[in-house]
Amino acid sequence: MKPRQRILNPIQQLMSLRKHDPGGDGGVRHDRLEWLTSIRATPVSRCYRVKLQQTFGSHPCIQVLTPSLKDLAAGKEIPHLYDQEKELLCLYFPAAAEFDGTKAIATQILPWAAMWFYYFENWLVTGEWAGGGIHPGESRRVAA
Amino acid sequence: MNSSEILLERKAHVVGYLEELCSTIELTPAQIERIETSYKAVGEHLVDSVSLDGFVPRIFPQGSVRLGTPVRPIHPEQHFDVDLVCKLEAGAKGRDQARIHALVGDALREHGVYNQITSILKRGWRLDYAESSRFHLDVTPAVPNAGCALQSVFVPDKELKVWQPSNPDGYAVWFGKHAAIRPRIAKRMIALANEARGGTIDPLPSQIGLKNVLQRLVQLLKRHRDLLFEKVPDRAPISIIITTLAAKSYAHVALGREYESEFDLLRDVIAGMPNYIGILATSSGGMRFEVPNETVIGENFAEKWNKYPDLAVAFREWHASALGWIDALIAIDGRDNLQKKFRATFGNADTDATFKRLDLRLTTHRKSQTLLYGTPVGLNVVAGHPVRSNTFYGA
Numbered sequence: 138m139k140p141r142q143r144i145l146n147p148i149q150q151l152m153s154l155r156k157h158d159p160g161g162d163g164g165v166r167h168d169r170l171e172w173l174t175s176i177r178a179t180p181v182s183r184c185y186r187v188k189l190q191q192t193f194g195s196h197p198c199i200q201v202l203t204p205s206l207k208d209l210a211a212g213k214e215i216p217h218l219y220d221q222e223k224e225l226l227c228l229y230f231p232a233a234a235e236f237d238g239t240k241a242i243a244t245q246i247l248p249w250a251a252m253w254f255y256y257f258e259n260w261l262v263t264g265e266w267a268g269g270g271i272h273p274g275e276s277r278r279v280a281a
Numbered sequence: 003m004n005s006s007e008i009l010l011e012r013k014a015h016v017v018g019y020l021e022e023l024c025s026t027i028e029l030t031p032a033q034i035e036r037i038e039t040s041y042k043a044v045g046e047h048l049v050d051s052v053s054l055d056g057f058v059p060r061i062f063p064q065g066s067v068r069l070g071t072p073v074r075p076i077h078p079e080q081h082f083d084v085d086l087v088c089k090l091e092a093g094a095k096g097r098d099q100a101r102i103h104a105l106v107g108d109a110l111r112e113h114g115v116y117n118q119i120t121s122i123l124k125r126g127w128r129l130d131y132a133e134s135s136r137f138h139l140d141v142t143p144a145v146p147n148a149g150c151a152l153q154s155v156f157v158p159d160k161e162l163k164v165w166q167p168s169n170p171d172g173y174a175v176w177f178g179k180h181a182a183i184r185p186r187i188a189k190r191m192i193a194l195a196n197e198a199r200g201g202t203i204d205p206l207p208s209q210i211g212l213k214n215v216l217q218r219l220v221q222l223l224k225r226h227r228d229l230l231f232e233k234v235p236d237r238a239p240i241s242i243i244i245t246t247l248a249a250k251s252y253a254h255v256a257l258g259r260e261y262e263s264e265f266d267l268l269r270d271v272i273a274g275m276p277n278y279i280g281i282l283a284t285s286s287g288g289m290r291f292e293v294p295n296e297t298v299i300g301e302n303f304a305e306k307w308n309k310y311p312d313l314a315v316a317f318r319e320w321h322a323s324a325l326g327w328i329d330a331l332i333a334i335d336g337r338d339n340l341q342k343k344f345r346a347t348f349g350n351a352d353t354d355a356t357f358k359r360l361d362l363r364l365t366t367h368r369k370s371q372t373l374l375y376g377t378p379v380g381l382n383v384v385a386g387h388p389v390r391s392n393t394f395y396g397a
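As you go down the protein sequences, you meet chains L and P in turn.
Add 137 to a position in the first sequence, counting from 1, and you land on the number used in our numbering.
Add 2 to a position in the second sequence, counting from 1, and you land on the number used in our numbering.
These are calculated hints, taken from the structure and not from any lab test.
Here a beta-carbon is modelled for each residue, glycine too, at the ideal position from N, C-alpha and C.
It cannot be assumed that every hint is accurate.
As the list claims (entries may be wrong) - Chain L regions said to be covered by chain P (calculated; three or more residues, Cβ under 8 angstroms):
1. 150-163
2. 192-202
3. 246-256
Said to hold, decoys possible - Cut-off 25 angstroms, straight-line C-alpha distance, at most; resulting in silico cross-link-like pairs (DMTMM-like, lysine to aspartate or glutamate):
4. P:K369 <-> L:E235
5. P:K42 <-> P:E112
6. L:K213 <-> P:D354
7. L:K207 <-> P:D361
8. P:K163 <-> P:D140
9. P:K358 <-> L:D168
To be verified - Computed list of chain P residues with no C-beta within reach of chain L, every gap over 10 angstroms:
10. T30
11. K95
12. D108
13. Y116
14. A273
15. D354
16. L364
17. V389
18. R390
19. N392
Put together the whole structure using the sequences plus the hints.
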């Protein structure tokens, strides 16, 4: 039987981020982790500045600070955001158990953010989201 | 993230996109096979023909197919011209060029099917396979130039009415020697290319190097030229000039120094091309342009520039555009902007097909869990943390 993994606390997440994402910076205050970093999906992609936040026990939240996704999208509604105004990325489907508190944000979430930006820049040209995913209300997983 | 590190990665990545675009715009192996089958059949027919009995005709390709630099026309419905030589190895000595020109036409028309599709050209005959296969076979008769040390030939010319010197074999060999020059690129790039050749399936752009620097450059430049002069094709610099100048510049640049990246090499080759245009003062105080054919004494590829000076202007415009284009490529931020730049330079259909193919590769890696993420390169298949399976969600 697989040993039960422990939920990582904010300090542990912070140490992991410092190790795996040396270009970023952040800290923990009370139960809340905050991490600012840059993500460039490929060498020809833009560099996006993001703020990652997690309150212990909740799902992490990634907000895009710059550049403005809304400006890039020229007003079109952007797929797979939790919040169009705040530009919060939606990287996984909570019920599918793709991410939970036992997993390191640094090695799980940041790569997904890169994928999101890759498909976003693709969507800007083609108008299609090629990364798969589902929308609230859909019950079946769309093949990626 | 070190900015010069990122720039180097970006250059490697852009080169990968350029190589993939070249695969998209050249003839496919199936098309080349179809062309070869067709012209070999024509060759066999000519050997057996009555009109050419005793002349020992030999048919072989010249031009871009021979040089390894074919570029499909921009629009799918346009036809590709395959240039062939029909060399008469014997019996043509002292013959009138118009007669030889006509004889080859007669020989072609002995064949029931070819008869339907043969039409006359200034220097030969065109076989129009457009209906079935979207290409033309342009057959140029040629006779040996017995006195020439460079083994050149003579070809007929309906307008000039005299034999014209040419050397398709010689030129192909000359170009081939230039293309075979190995550039010296820093070890890191070689390592990446070897990694890709070592069996990485679905390589991502950073792992893709140019199949042959000179051939690929000529293909890119020709397609860039095609689009730039799409509305004014008569002004477009001719392919033989682009090819010759690129070859000369490449030889000089590649033998000159070691390069950090293939991209920088490409850039320098383009920048150096005008250096090989000879500009001579004429006795009347004017200017004469020369781009000599090294394989035919006295042939000047830029002869028309001396008759129509606007062609020299057009070349400079084209060159400035090509240089501006390559410099802009690495200043672009955003893969969407890169795609838009490629579209403007190479055409929408071929650009989109290329980018889509590369997207599919990345997605394949994602699905098979071989995609990694690291800084500063981002998503790749060489080093970093595995990108685990995820489902994008949200409204």
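Failing hints, ascending?
-> 2, 9, 15, 16, 17, 18 and 19
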